[in-house]
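Chemist: Take these sequences, add in the hints, and give me the full structure.
Number of protein chains: 2
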Amino acid sequence: MPEIYLDDLAPGQLHELGRHTVGADEIVAFASLWDPQPFHLDEQVAARSIYGGLIASGWHTCCIFMRLFADGLLNRAAAMGSPGIDELRWLRPVRPGDTLFGRVEVVEVRPSRSRPDCGIARLRSSMRNQADEEVLSFDAAVMFGRRPGAGAD
Amino acid sequence: MPEIYLDDLAPGQLHELGRHTVGADEIVAFASLWDPQPFHLDEQVAARSIYGGLIASGWHTCCIFMRLFADGLLNRAAAMGSPGIDELRWLRPVRPGDTLFGRVEVVEVRPSRSRPDCGIARLRSSMRNQADEEVLSFDAAVMFGRRPGAGAD
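Going down the list, the protein sequences come from chains C and V. Heads up: the first sequence begins at 1 in the working numbering, then just goes up one per residue. Heads up: the second sequence begins at 1 in the working numbering, then just goes up one per residue.
Treat the hints with caution; some may be incorrect.
What the hints assert, rightly or not - Per label pair, the in silico range of CB-to-CB distance:
| no. | chain 1 | residue 1 | chain 2 | residue 2 | range |
| --- | --- | --- | --- | --- | --- |
| 1 | C | Gly23 | V | Arg115 | 30 to 36 Å |
| 2 | C | Asp71 | V | Gly52 | 32 to 38 Å |
| 3 | V | Ala24 | C | Ala10 | 19 to 25 Å |
| 4 | V | Pro83 | C | Glu108 | 22 to 28 Å |
To be verified - Chain V stretches covered by chain C per the calculated footprint, using a threshold of three residues with CB under 8 Å from any CB of chain C:
| no. | segment |
| --- | --- |
| 5 | 59-65 |
| 6 | 95-101 |
| 7 | 121-134 |
What the hints assert, rightly or not - Partial chain V-side listing against chain C, Cβ under 8 Å, derived:
| no. | residue |
| --- | --- |
| 8 | Gln37 |
| 9 | Leu41 |
| 10 | Ala70 |
| 11 | Asn75 |
| 12 | Gly84 |
| 13 | Asp86 |
| 14 | Glu87 |
| 15 | Leu88 |
| 16 | Arg89 |
| 17 | Trp90 |
Honestly, the hints are just simulated from the structure, not real lab data. On a predicted model such as this, the values are computed, not experimentally measured, just so you know. The beta carbon of each residue, even a glycine, is placed where N, CA and C say it ideally should be.
Modeler: What follows is the structure in structure tokens.
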């Protein structure tokens, strides 16, 4: 049974999601499959790019966030997927050896009008590196089930 | 040398990006690494979810788009990464066996004021399935280098 339902979320809540350290091998392996641009694949070529060295694919950064989010919150919750996200920003490059810390802040909680058993939470999603610099931010809409018996009023 | 520079992009251009067919094994492998929610991992559990069966992680769908985008356009272009995306929507579930077709439409081309050698293109990004249903859409800002000698006026 889930521990966290829509009814347990409230604007202003902060959920810390744990950390992940990114290796060069992981950066190259991810990019080889999904984003084979030279500055994600080859240290020599990347050194001559505007980034001055190998950086992780922005989608890799999103995936690292997602894994922290699933392990740190969603898989203890009655989570039902997401219709989309807004204002995704890759704010700084992620480089080999960086340790990333995920966090979500609850911005809005809206029970569904048409489906009394669920609703949508808007979550400001963020990841920072070991220097406390924000590397990723976006607003996610996530569907959650309601606590059994809630929403009947 | 790149074939495509910022100067070669113009609003209204459509770029078809090829296709990819998604297998159940790929859906589960991706989700196991990056988005281990039950409806991405286990056909039996997924069958009892609101999705009625296994669906791909939304981030997996984004990654499939990114691979088509890199192979079909970016790796022939003077592409320099992206500061972010807006209005990302997962419009329909992606299921095992679906064939996805990527496309970008150029919406805006803006040379940089501070850096005469590059600029930003805004690209409406989209993926459709074999039934011509849109499954993913977002607006991406992508940096491109300018054709050597361009932008000096």
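Chemist: Of the numbered hints stated previously, which ones are contradicted by the structure, given in increasing order?
Modeler: As far as the earlier hints go, 2, 3, 6, 7, 9 are violated by this structure, in ascending order.
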